[in-house]
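2 protein chains.
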Amino acid sequence: MKHKIQIKSPATIANLVCGFDILGLAVEEPYDIMTMELSDQPGLEIIHLDEYQLTTIPAENVAGGALLAMLEDVKDAPGLKLTIDKKIKPGSGLGSSAASAAGAVMAASKLLQQTFTEEDLVRYAMFGEKVASGVKHADNITPCLLGGITLIRSILPIDIVKLNSPELHITIVHPQIEVKTSDARQILKKEVQLKNAIKQWGNIAGLVAGFMKEDYDLIGRSLEDVIIEPIRSILIPGFDEVKALSKEAGALGGGISGSGPSIFMLSKDKNTAIHVETAMKDVYNRIGIDYKTYVTRLNKEGIKIIE
Amino acid sequence: MKHKIQIKSPATIANLVCGFDILGLAVEEPYDIMTMELSDQPGLEIIHLDEYQLTTIPAENVAGGALLAMLEDVKDAPGLKLTIDKKIKPGSGLGSSAASAAGAVMAASKLLQQTFTEEDLVRYAMFGEKVASGVKHADNITPCLLGGITLIRSILPIDIVKLNSPELHITIVHPQIEVKTSDARQILKKEVQLKNAIKQWGNIAGLVAGFMKEDYDLIGRSLEDVIIEPIRSILIPGFDEVKALSKEAGALGGGISGSGPSIFMLSKDKNTAIHVETAMKDVYNRIGIDYKTYVTRLNKEGIKIIE
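Top to bottom, those sequences are chains X and E. Heads up, the first sequence is in the working numbering, so the first residue is 1283 and it goes up one at a time. Heads up, the second sequence is in the working numbering, so the first residue is 1283 and it goes up one at a time.
Keep in mind that a hint or two might mislead.
Any copy, or any two copies together, can satisfy a pair, since identical chains are not distinguished.
Claimed, not checked - List of simulated lysine to aspartate or glutamate pairs, DMTMM-like, C-alpha gap at most 20 Å:
1. Lys-1563 with Glu-1523
2. Lys-1477 with Asp-1441
3. Lys-1444 with Glu-1401
4. Lys-1495 with Asp-1441
Hints were generated in silico from the structure; no laboratory data involved. Since we're looking at a predicted model, the values are computed, not measured.
Modelling step: build the complete structure from the supplied sequences, incorporating the hints.
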């Protein structure tokens, strides 16, 4: 048995425009680095190397909550020490909590040589999401664990579908403002017009078909959200402009990453993704809001073991 | 130039459970037989060989309405005589009007050697649907014209996506009661709960992915409608029982065909489809409602030219 494992746990983009609560994808960057070691001390020790001042009390920590759920099902588990170097900023809308939760259970299952199913791992990791936001959701966890583009057809019972993952380049801008997931949820209307719901599911069907057929035009046409984005985008200054200029720069389309404030755009090639980055920078430079950008790719593997 | 063309225009199943207003498929049976001939008389003559007492005044006839829309774009069109032997009962929920409209425009475009796009043909045929129900919809017309399983991502502008069509056997029961499309539309609520809309689009995404991956289990799990079926099925006596017993007999799943009253069930093989037929017959024999059943297959070609 190895004594130590080190992994890269990637950022993820949930919701995917029309795929609210059901679709997600993993990106190559940013990612957290997590190291798990067997320890002589019983129980679970968590160390954060980053500056985000996250609690290290296991039951209150996202990675800890997920791990504790898993360890309940492991007989005679040894002591574990988890060191997290978080690069995905909490609250960015890039699946920071999912990276912690999914990374922790993946690392532990490998280190302890447990043969859990993908569904088991998702279920354990969801306990971490519950610590983070009070809600068990799987649309970041699943692409983080499995890579590529994933569909959560149903959460109860959990039904995960891995979709085909065409080559996609992804540009992300994270304006340095705070949008709380709970606020972003609260402003949504509990009822939607049937005619808008029909538009939305036409687009979702088109987007899934586009991914499966690797039909980039269809992907682009389907990246339209008539229900969530019109409401949530109000919380993100510059959103409409970023979207319009990114499409002018050649992006297939995109929208709010998770519940924001990050915005993502999909492109067919790297050059376009770089042009999109320039367009995004221009918007926030003009508005005068600090930001961080990433030009990255679809991550087809999910969590990667470094050593 | 040929002087005559004869085609088989197939029945279609719209809505496909969770795919309300966007998904449809064509079946091998039943089908209408339509014969179109060049005529010395200018204009359009329509003859019905069936017993349904449909009007033969071109502008008020479904096939006629579609044809007249098309002929507006044809220079120096000759006189045409269209003979329709309708086997798909109007009001069955099996796309009877779509078969007339799509069949008419397809036959005429071939006979007159016009090179319209698929989208053009759908657009013309929708004028026939408007004659039939007052609403231009394309979810029966498209699979009738193209065959297989089709997605209408958007109606304005029209965006048609042909999905992969796995081998599917289809059992249909048509209880001989009347459900008017307009009534079936009227009882729907104009607003739906967001949480139900999310369930629905998870199922639609799953269904599309299931068709693309030929994953029959996924198709079965995704054939769930939490929005339309609970309301519309009230109009169809025996619906819940037909569904439950069909699944017990091995069907993947199914639901209301179009706006009813026909009910369809998908199966992986012919034997199961036959067992499902028995289950359906048992229900309506017990209730004492006349019915007609079909055991058929997914029609991958759509309209077929006989001669």
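Hints broken by the structure, by number, lowest first? No numbers; nothing is violated.
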